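J.: With the hints as your guide, set chain B onto chain A.
Number of protein chains: 2
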Amino acid sequence: MTDSTPKNLSYKDAGVDIEAADHFVSTIAQIAKATHTSDVVPGKTAYAGLVRPPLEGLNDPLIAATCDGVGTKLILARDAGIYRGLGQDLVAMNVNDLLPAGAKPLLFLDYIATGKLDPDALTEVVTGVADACKLAGCSLLGGETAEMPGVYRDGDFDLAGFSVGLVDANRIPDSTQIKEGDVLLGLPSSGVHSNGYSLVRKALFEQGGLSLDHVPEGWDQSLATVALEPTRIYVKEVLSALSQHEVKAAAHITGGGILGRAAKIIPTTMRETLGLHFNSAAYDIPKIFGLIQKCGNITDEEMARTFNMGLGFIIVVSPLVAESLIATDETWLKVGTVIKRSGDTPGVELGYARG
Amino acid sequence: MTDSTPKNLSYKDAGVDIEAADHFVSTIAQIAKATHTSDVVPGKTAYAGLVRPPLEGLNDPLIAATCDGVGTKLILARDAGIYRGLGQDLVAMNVNDLLPAGAKPLLFLDYIATGKLDPDALTEVVTGVADACKLAGCSLLGGETAEMPGVYRDGDFDLAGFSVGLVDANRIPDSTQIKEGDVLLGLPSSGVHSNGYSLVRKALFEQGGLSLDHVPEGWDQSLATVALEPTRIYVKEVLSALSQHEVKAAAHITGGGILGRAAKIIPTTMRETLGLHFNSAAYDIPKIFGLIQKCGNITDEEMARTFNMGLGFIIVVSPLVAESLIATDETWLKVGTVIKRSGDTPGVELGYARG
Chain A
1 MTDSTPKNLS
11 YKDAGVDIEA
21 ADHFVSTIAQ
31 IAKATHTSDV
41 VPGKTAYAGL
51 VRPPLEGLND
61 PLIAATCDGV
71 GTKLILARDA
81 GIYRGLGQDL
91 VAMNVNDLLP
101 AGAKPLLFLD
111 YIATGKLDPD
121 ALTEVVTGVA
131 DACKLAGCSL
141 LGGETAEMPG
151 VYRDGDFDLA
161 GFSVGLVDAN
171 RIPDSTQIKE
181 GDVLLGLPSS
191 GVHSNGYSLV
201 RKALFEQGGL
211 SLDHVPEGWD
221 QSLATVALEP
231 TRIYVKEVLS
241 ALSQHEVKAA
251 AHITGGGILG
261 RAAKIIPTTM
271 RETLGLHFNS
281 AAYDIPKIFG
291 LIQKCGNITD
301 EEMARTFNMG
311 LGFIIVVSPL
321 VAESLIATDE
331 TWLKVGTVIK
341 RSGDTPGVEL
351 GYARG
Chain B
1 MTDSTPKNLS
11 YKDAGVDIEA
21 ADHFVSTIAQ
31 IAKATHTSDV
41 VPGKTAYAGL
51 VRPPLEGLND
61 PLIAATCDGV
71 GTKLILARDA
81 GIYRGLGQDL
91 VAMNVNDLLP
101 AGAKPLLFLD
111 YIATGKLDPD
121 ALTEVVTGVA
131 DACKLAGCSL
141 LGGETAEMPG
151 VYRDGDFDLA
161 GFSVGLVDAN
171 RIPDSTQIKE
181 GDVLLGLPSS
191 GVHSNGYSLV
201 RKALFEQGGL
211 SLDHVPEGWD
221 QSLATVALEP
231 TRIYVKEVLS
241 ALSQHEVKAA
251 AHITGGGILG
261 RAAKIIPTTM
271 RETLGLHFNS
281 AAYDIPKIFG
291 LIQKCGNITD
301 EEMARTFNMG
311 LGFIIVVSPL
321 VAESLIATDE
331 TWLKVGTVIK
341 RSGDTPGVEL
351 GYARG
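Chain order of the listed sequences is A and B. Here our numbering is used: the first residue of the first sequence is 1, the next is one more, and so on. Here our numbering is used: the first residue of the second sequence is 1, the next is one more, and so on.
So here's chain A without its partners, still in its complex pose (with noise of 0.2 Å):
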């Protein structure tokens, strides 16, 4: 062989290794089967996974799907080592958003991207997805682990979830029965959830110059710990609530805030007449918002449009049904009430009192 002999290439040498590749593949695999309800048909293909939809009792069955990843709380979760709960955090995005339709999430699938795979973190995520797939009752019923070097550097990584759900027709929330004097039920958030993370980042640990195991006054956890408290899975609650109330309208607060969120509950033809009162006293804020607005100087408007600032999901119901919720489950909040709405009142009103 003389210098002139090109190298001899495989696919290993151009950074990706097949065979590792498929020894986590088939690690996930085992983790993915012990999620697998009695609706998934098992080994017809190598290629699509196969569920076998219960249809029994609907009457017009729709399929509901939705897709969506955690943003860049993974980059707090690499930085301090803690994978696990990013897991939850995916598949809760994703679970939670098939609610508001009253869908029952049926299955989900994971995309998983990496410069070059760590094994043992990314084993850790498929974990947490396990898990919370068996919370949420639906099937992890297969993925994509990429390996792309050149788009991702080595520790990187990247996580993106679809689900899928069904819903009867006819049991889908309808927000045009909303009425003035209907009651607002919210379901606390675990904390920041999956939203707003470059502006978490920017304000505790550029502006504020924390660090990831700084335990803050009067706090018994690090900040760490506190800010990656995976995202709450709301579908137990929200499908109960569904099956044995009229339910008028459903939000799950994610991007834009329980500003913005609370903002598209109410038809865009009735806003003009009709719009939600909230009472803060009834929720607690979580201390971690107080202290990424102290650090971040953030207005409470930015706040509000940002974070979900203690309530994770919000449910419209007529005052009876709202007693009766609260009666059988306590974890339902009474959060706010729909009001008649005139001249320049806001469409929602957070009533924070200020200091």
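Source of the hints: derived by calculation from the structure; they are not laboratory data. One or more of the hints may lead you astray.
[Said to hold, decoys possible] Here are the simulated lysine-lysine pairs, BS3-like style, with alpha carbons at most 30 Å apart:
hint	chain 1	residue 1	chain 2	residue 2
1	A	K340	B	K44
2	A	K44	B	K12
3	B	K12	A	K12
4	A	K294	A	K334
5	B	K264	A	K236
6	A	K134	A	K116
7	B	K294	B	K236
8	A	K294	B	K179
9	B	K33	A	K116
10	B	K44	A	K334
11	B	K7	B	K33
12	B	K179	A	K116
13	A	K294	B	K7
14	B	K134	B	K44
15	A	K294	A	K340
16	A	K264	B	K12
17	B	K44	A	K179
18	A	K116	A	K12
19	A	K7	B	K287
20	B	K7	B	K134
21	B	K116	A	K264
22	B	K340	B	K264
23	B	K179	B	K134
24	B	K236	A	K294
25	A	K179	A	K33
26	A	K134	B	K44
27	B	K287	A	K12
28	B	K236	A	K44
29	A	K287	B	K7
30	B	K134	A	K44
31	B	K340	B	K179
[Stated by the list, open to error] With beta-carbon atoms standing in for the labels, derived distance ranges:
hint	chain 1	residue 1	chain 2	residue 2	range
32	B	G43	A	K294	47 to 53 Å
33	A	G155	B	L58	45 to 51 Å
34	A	E206	B	L58	51 to 57 Å
35	A	E330	B	P54	28 to 34 Å
36	B	P54	A	P54	16 to 22 Å
37	A	D300	B	E206	33 to 39 Å
38	A	D60	B	P119	51 to 57 Å
39	B	N8	A	G181	22 to 28 Å
40	A	K179	B	D329	56 to 62 Å
Bear in mind the structure is a predicted one, so any value in this text is a computation, not a measurement. In this text, a Cβ means the ideal position worked out from N, Cα and C, and glycines have one as well.
T.: Then chain B, alone, in the frame of chain A:
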């Protein structure tokens, strides 16, 4: 205001411009809407897309779901500034994966993540996605656009796709019916498709020192144009074959290449006695593969374990069905046969004439 007053931060300061993102999202919503079939149920919630699955005539309907990306082909596209074909690649990689289960594509969702939104480039991608959804007969139901400064550099991005299809359980190809003498029918690939691009880039541009605008001798197109040729969508040909004939097995030639994918066509329990023989004279091997192999000094086996080598989709049928299919649709090529296997013969013989 003194120097010690912290800067008043907004989400936009943190690198995320929600208004610009909203504008992009409303642009692509229009593009997506043009793909919607009458199955789509519009406007019920802002969270999940809804589709009424066409269940008529299905005795035992199953939902098939896939998830895939386009790999590092997007690095080439970015470098060449040619984005539209990536949209077709993304759809093709997913909907072609539904076909081995016999499933008809129903809906598609896309995940686009980037460092900083480049509306022109990403509108091209989404336009390509929408056009490809029309080709595949499925609705672009929704998706997610994520700006993630800190994960992706400004011009970098990633794409993930997700498709859902429907199949009647008793119409899924049954590979246990494969017999000696059955015929391998193949559909030509349009080029490299969307697998193995890390090796493509390493061979052609690093080791080979070629440039994207180079026109190799005897070619009438630049390397960029040929290397970025979109992945073919095989929905029409394969669904037509499936609806009229018994198809015993089907394979989409993706990761693992023609050798890796063909090796999995015969069921595990039958692999000791049956093998596949390809007649490589029966189909063209696109000229880009020769160039990649030469520049990278890559072995025949490594090529065949990485690339489709000219065949994008393969089915196994009886000789009688093969005659009938070829007579009615000349895109199907008779590319090989199922042979008896004994002793030490390989499970897949590609039958290249070695020079």
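J.: Hint by hint, say whether it matches the structure.
T.: Hints, verified against the model:
| no. | hint | in the structure |
| --- | --- | --- |
| 1 | K340/A x K44/B | holds (24 Å) |
| 2 | K44/A x K12/B | violated (48 Å) |
| 3 | K12/B x K12/A | violated (41 Å) |
| 4 | K294/A x K334/A | holds (28 Å) |
| 5 | K264/B x K236/A | violated (40 Å) |
| 6 | K134/A x K116/A | holds (29 Å) |
| 7 | K294/B x K236/B | violated (35 Å) |
| 8 | K294/A x K179/B | violated (72 Å) |
| 9 | K33/B x K116/A | violated (37 Å) |
| 10 | K44/B x K334/A | holds (25 Å) |
| 11 | K7/B x K33/B | violated (42 Å) |
| 12 | K179/B x K116/A | violated (42 Å) |
| 13 | K294/A x K7/B | holds (10 Å) |
| 14 | K134/B x K44/B | holds (23 Å) |
| 15 | K294/A x K340/A | violated (34 Å) |
| 16 | K264/A x K12/B | holds (22 Å) |
| 17 | K44/B x K179/A | holds (18 Å) |
| 18 | K116/A x K12/A | holds (12 Å) |
| 19 | K7/A x K287/B | holds (21 Å) |
| 20 | K7/B x K134/B | violated (49 Å) |
| 21 | K116/B x K264/A | holds (27 Å) |
| 22 | K340/B x K264/B | holds (16 Å) |
| 23 | K179/B x K134/B | violated (36 Å) |
| 24 | K236/B x K294/A | violated (58 Å) |
| 25 | K179/A x K33/A | violated (46 Å) |
| 26 | K134/A x K44/B | holds (27 Å) |
| 27 | K287/B x K12/A | holds (23 Å) |
| 28 | K236/B x K44/A | holds (21 Å) |
| 29 | K287/A x K7/B | holds (21 Å) |
| 30 | K134/B x K44/A | holds (27 Å) |
| 31 | K340/B x K179/B | holds (9 Å) |
| 32 | G43/B x K294/A: 47 to 53 Å | violated (41 Å) |
| 33 | G155/A x L58/B: 45 to 51 Å | holds (46 Å) |
| 34 | E206/A x L58/B: 51 to 57 Å | holds (55 Å) |
| 35 | E330/A x P54/B: 28 to 34 Å | violated (43 Å) |
| 36 | P54/B x P54/A: 16 to 22 Å | holds (18 Å) |
| 37 | D300/A x E206/B: 33 to 39 Å | violated (53 Å) |
| 38 | D60/A x P119/B: 51 to 57 Å | violated (38 Å) |
| 39 | N8/B x G181/A: 22 to 28 Å | violated (38 Å) |
| 40 | K179/A x D329/B: 56 to 62 Å | holds (59 Å) |
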